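> If you're matching them up, the sequences are chains S and Z in order. Under the numbering used here, the residues of the first sequence are numbered 1 to 102, in order. Under the numbering used here, the residues of the second sequence are numbered 103 to 273, in order.
These are computed hints drawn from the structure, not numbers from a lab. Bear in mind the structure is a predicted one, so any value in this text is a computation, not a measurement. C-beta atoms are modelled at their ideal positions from N, C-alpha and C, and glycine is treated no differently. One thing to keep in mind: the hints can contain errors.
Short, incomplete list of chain S residues facing chain Z, as computed with Cβ under 8 Å [to be verified]: (1) Ile19; (2) Leu22; (3) Ile67; (4) Ala72.
Listed next, with one range per pair, are the computed distances between beta-carbon atoms [said to hold, decoys possible]: (5) S:Glu96 <-> Z:Asn129: 16 to 22 Å; (6) Z:Gln193 <-> S:Arg87: 36 to 42 Å; (7) Z:Ile209 <-> S:Leu25: 14 to 20 Å; (8) Z:Asn230 <-> S:Asn98: 45 to 51 Å; (9) Z:Glu106 <-> S:Lys89: 45 to 51 Å; (10) S:Ala44 <-> Z:Phe199: 22 to 28 Å.
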Amino acid sequence: MEGVSVNYYIGLSAILFTIGALGVLVRRNALIIFMSIELMLNAANLAFVAFASVHDLLSGQIFVFFIMTVAAAEVAVGLALIVAIFRSKKSINVDEINVLKG
Amino acid sequence: MTVELILFLILATVAVISALGMLLSRNAVYSALFLVLNFATVAVFYLLLGAPFIAITQVTVYAGAIMVLFLFVIMLLGADPLPEGKELPKQKWLASFLALVLAVEGIVLISMQKTAGFIPTPVEGAGNPKAIGELLFSGYLLPFEVTSVLLLVAMVGAIVLTGKKKKGGQS
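Bound conformation, chain Z alone (with noise of 0.2 Å):
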């Protein structure tokens, strides 16, 4: 066992229960924090695999705003926890089960397959802002434009559904 593999376990470890705690917290501020932790140690991740420029975009883009403006909305909502209602019949053995299949079936392909390589141990000044900068801005020139167009058309419908009417409006 290597050092880096006992990271991996442990951080994997964290990463499992805070993904399960998402999911199974009834309070939606405590689903909220647990996605925080489990970015986090996705975060942590990045660093082991030698990306830190998007270790650090993790923590600022998802941890940071994404997770900001979930906390925003549930505080906005009411951050009371849903009541009981009528739910369909055996829905959460049937989810379960075919969630069950696709873990299975994820691991057993996984497993199959010969190992396709290791983590190399991350090399001074690998992925680093200039690297990516470079490539993003000679290669993928078009698509980043073309995110700058996505951005403002998620800007502007997001103000527009969340805009109030002037009149005539319903709500």
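So here's chain S without its partners, still in its complex pose (with noise of 0.2 Å):
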């Protein structure tokens, strides 16, 4: 029997990531920029876990495992940094964050 094809898949992964690009170009309020980009990298992990299942190789799900813990990471900085850039500029609309001085 067969199942769904890969490319499926990778069609919603890439319609997806697409969504994700298009938060971060349109969007104005630093979070949702930064769910935008979360919805970017699970588009990814989409991809590599199909993939993974298709040639029926471990080694993409653990480089998914990889991507969870840098977006954490990722996620864990970004948040403190858009608590420091609210508590000095009591905004966090990017359009208003445009100098480097604090």
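These two chains come separately, so use the hints to put the complex back together.
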């Protein structure tokens, strides 16, 4: 019995990645931009697991595990940055964060 | 149409709609909850792909830890939608056009490929924690150790960035 073609999974992954990229480009709220980045990482993970399943290799799943770790570290530091920026500028609108001086 | 294909289509619809909901919500809390739904759907995809360990990790790490952190920060900074300020002219249209180009490009490239294969029906014990652990602690031991250093650095960074300054600090 044949299952679902792997191309469907890759297509879904591409669509989710595009939505994430659009979110980064369109939204002004720094938190939502971060969520869009998470969505893109998740789309990459989906492609990894789909290929790991097709080729019957576990290495793809190990990579997804590492990507999740990196995402967790990235969110911790990124949210700390957003909180620090909010303290000094009273806003998380990325249009208003346009100077390097704190 | 097999059962798997029907299941895939339903789940894919939910995933895409929840991603769009995340993108279009005015309220950041709604965005976060839509994203949780999206992560849960992707976890079900992992189960369909024969990766139960990754699916559970997805639920605990992404939908659990990361999104709770997001919700904490949203509540901390105030959940009010941002006021509509001056925007760059035509920025939304340009961004939408570029995203459309990216999507069309990706879909054309994928549809030009010969199919790379079909997802096999998951067998008992595929991708279970035992197999993952054995590979992780043999072939991928060095990346695993580097990961622990990375998490330590992230933890120290988060504490340093948000900690109060003792004196002489501006905030």
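> So which of those numbered hints doesn't the model satisfy?
3, 6
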